[in-house]
Amino acid sequence: MDHAQRSEVLRQEVAQNPGNTSAWVQLGHTYFDMNNHVQAIDAYEKSLELNPNNADVLTDLGIMYRRNGQPREAIVKFDKAISVNPKHETARFNKGIVLMHDLGDRDGAIRTWEELLEINPIAMAGNNHSVDQMVKHYKEGHDR
1 MDHAQRSEVL
11 RQEVAQNPGN
21 TSAWVQLGHT
31 YFDMNNHVQA
41 IDAYEKSLEL
51 NPNNADVLTD
61 LGIMYRRNGQ
71 PREAIVKFDK
81 AISVNPKHET
91 ARFNKGIVLM
101 HDLGDRDGAI
111 RTWEELLEIN
121 PIAMAGNNHS
131 VDQMVKHYKE
141 GHDR
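So for the sequence shown, the UniProt record's numbering puts the first residue at 1; every next one is plus one.
If you are wondering where the hints come from, they were derived from the structure by calculation, not from laboratory data. Keep in mind the model is a prediction, meaning the values are calculated, not measured. Do not take every clue at face value.
Listed next, the in silico DSS-like pairs over lysine-lysine satisfying Cα-Cα at most 27 Å (straight line) [claimed, not checked]:
1) Lys87 to Lys139
2) Lys136 to Lys87
3) Lys87 to Lys46
4) Lys80 to Lys46
Here are the computed distance ranges between Cβ atoms for each label pair [what the hints assert, rightly or not]:
5) Asp56 to Met124: 12 to 20 Å
6) Arg11 to Arg72: 39 to 47 Å
7) Asn120 to Glu13: 13 to 21 Å
We put the CB at the ideal spot given by N, CA and C, even for glycine.
Hey, can you work out the whole structure from these sequences and the hints?
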């Protein structure tokens, strides 16, 4: 089943069973994979109305807000995910990305990644570099 078919099946499910948190989450993931930011945001927000303390969904929602050009809202969602699960590595990593690249808060990004390294000293970034290497790179001013 492709993404369009999957989204149609899930839309029908949530129309019939609007309290099905799992279906809302899966619909959000499907839209996430389709890079359909607005609909992913809507589906994730609906799932969070039913289960507001899902750190994974909050993190995915933050990523979608960033991709939708709403970095401050992304930070709000990452912070909420971290408050729900203080060891949520993906939320911390992505918060640092938004701080660095979208909000220009270099020091805040470095602090956020250092907090991540306290949780997991061998945390990796998506580009096969360690978060530790990223922090050193930015602290040495190679981004300027």
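Going straight from one Cα to the other, do Lys80 and Lys46 come out at no more than 27 Å?
Judged against 27 Å, a Cα distance of about 16 Å means the pair holds.
Holds or violated: 13 to 21 Å for the Cβ distance of Asn120 and Glu13?
violated (36 Å)
For the pair supplied as a hint, Lys136 and Lys87, confirm whether the alpha-carbon distance does not exceed 27 Å.
holds (22 Å)
Does the Cβ pair Asp56, Met124 satisfy 12 to 20 Å?
Holds, since Asp56 and Met124 (Cβ atoms, about 18 Å apart) stay within the stated range.
Verify the proposed pairing of Lys87 with Lys46, using a straight-line Cα cut of 27 Å.
holds (25 Å)
Is 39 to 47 Å right for how far apart the beta carbons of Arg11 and Arg72 are?
violated (29 Å)
Holds or violated: Lys87 with Lys139, Cα cutoff 27 Å?
Holds - the C-alpha atoms of Lys139 and Lys87 are around 23 Å apart, at most 27 Å.
Hints 6 and 7 from the list above are not met by this structure, while the remaining hints are.
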